[in-house]
Amino acid sequence: MRERDDEWTGLMRSAIAGDSAAYHRLLKAVTPVLRAAARRGLARAGQPVDQSEDIVQDILLAVHLKRHTWDVTAPFAPWLFAIARNKLIDALRRRGRRIFVDIDDFAETLPGEAPAETASASEVAAQLQTLPARQRDVLQSIAVDSASIKDTATKFSMSEGAVRVALHRGLASLTAKLREQ
Amino acid sequence: MDTDQLIRTLAADNAHRARPVGFSLMLALLAAAPVSLLMFFTELGIRPDVMVAMRNPFFDLKFAVTLALAIAAIAVSLHLSRPEASLRGFGWLLLAPVGILSAAIGGEMMMPQRLPMMTRLVGKNSWMCLTAIPLMSLPLLAGALIGLRHGAPARPAVAGAIAGLLSAGLAATLYASHCTDDSPLFVAAWYTIATALVTAIGALAGAKLLKY
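Heads up: the sequence lines are chains A and B, in that order.
Residues in the first sequence are numbered from 0 upward in steps of one, following numbering that gives the first Met the number 0.
Residues in the second sequence are numbered from 0 upward in steps of one, following numbering that gives the first Met the number 0.
Simulated from the structure, these hints should not be mistaken for lab results.
Built from N, CA and C at the ideal position, the CB exists for glycine as well.
There could be a bad hint or two in this list.
As the list claims (entries may be wrong) - Restricting the straight-line Cα-Cα distance to at most 25 Å, the calculated cross-link-like pairs of lysine to any residue (SDA-like) are:
{"no.": "1", "chain 1": "B", "residue 1": "K207", "chain 2": "A", "residue 2": "K149"}
{"no.": "2", "chain 1": "A", "residue 1": "K176", "chain 2": "B", "residue 2": "L66"}
{"no.": "3", "chain 1": "A", "residue 1": "K176", "chain 2": "A", "residue 2": "T153"}
As the list claims (entries may be wrong) - Some chain A residues judged to face chain B by a derived CB distance under 8 Å, without partners named:
{"no.": "4", "residue": "T30"}
{"no.": "5", "residue": "V55"}
{"no.": "6", "residue": "Q56"}
{"no.": "7", "residue": "H67"}
{"no.": "8", "residue": "V71"}
{"no.": "9", "residue": "I88"}
{"no.": "10", "residue": "T129"}
{"no.": "11", "residue": "L130"}
{"no.": "12", "residue": "S145"}
{"no.": "13", "residue": "L170"}
Unchecked claim - Computed list of chain B residues with no C-beta within reach of chain A, every gap over 12 Å:
{"no.": "14", "residue": "T41"}
{"no.": "15", "residue": "A52"}
{"no.": "16", "residue": "E107"}
{"no.": "17", "residue": "M108"}
{"no.": "18", "residue": "M109"}
{"no.": "19", "residue": "P115"}
{"no.": "20", "residue": "A187"}
{"no.": "21", "residue": "T191"}
{"no.": "22", "residue": "A195"}
The whole structure should be built from the sequences, with the hints applied where relevant.
What follows is the structure in structure tokens.
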């Protein structure tokens, strides 16, 4: 557990320093832990666990947009789990259940629970359709077609800077829409 | 969209850097301050005998109390903008203005007074104090909430309440230079009620606006 936390902290420091590959690895590494905790939270609230992926994506978006509130000298895991806990409680409340989420839910992964490699969720995809066309095109190009920023810029005859702006605005408004729904 | 696709998209946006919350808060307060200052100078203004008043330590103590409140609330606001933070270990900062005010009351009690205690407590400007401080706070509160939206507070209502304290502290600093009631008893009674009102508004607004 200790090693895992140190590894996450190291990856996040590299990410903040500008290393996108480290950031990608970090998000991949935390996702199964978040997924397991979301499943446990849903199960305890008597909700179908197949909604867990919406919660996972909600947490990942919040982590991304609030990462400037992480103190680079502090360990990463407590910060991550605070956000995850907040989002899980929110999600359960929105589904009409009041429930106390145990912080330990995140600290341990249940043995024998083989997390799916990846999973689809409907909420982000649905909100994506309501974005302005330019933001939606850029997000789709990068997410679904796995195009780089450069390729996306060429495809839509935009500057790379404009693609970056559209990408960030798209992610920010997706998150705002998810919060308001 | 599957989660791998989302992760790829987030990684592609890694180059984007958000401003630190402290910087956003400062910008938003600087943008809001002219509105409150305009309200102050058009409706109230600094008291005419300010040069004489400055020789009265109880006039100066009003600023010590209101500025201690504003500064402590700014520090606590920035601390609470982190998702894993709580009031524990930081909340005691908010006792600084209370301590200064208590010491000032004690000091005044020990000095010979021309006016009886009730007269000093009730003062001449209580109604003005109760309306001017909250009204001048509102633009600053709006600014503080906008700035703090860049943070991720675990308890939005608490963070909003502290934003209320912050803006009331700044507005009370302006008001203190207008008001001719300098007794710490007056400050303890009326400034506190005005501040509590702004804090309640901050908590209600924060619960909605500071959710992330």
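Going through the earlier hints one by one, which of them does the structure break, listed in rising order? 1, 2, 3, 8, 9, 10 and 11
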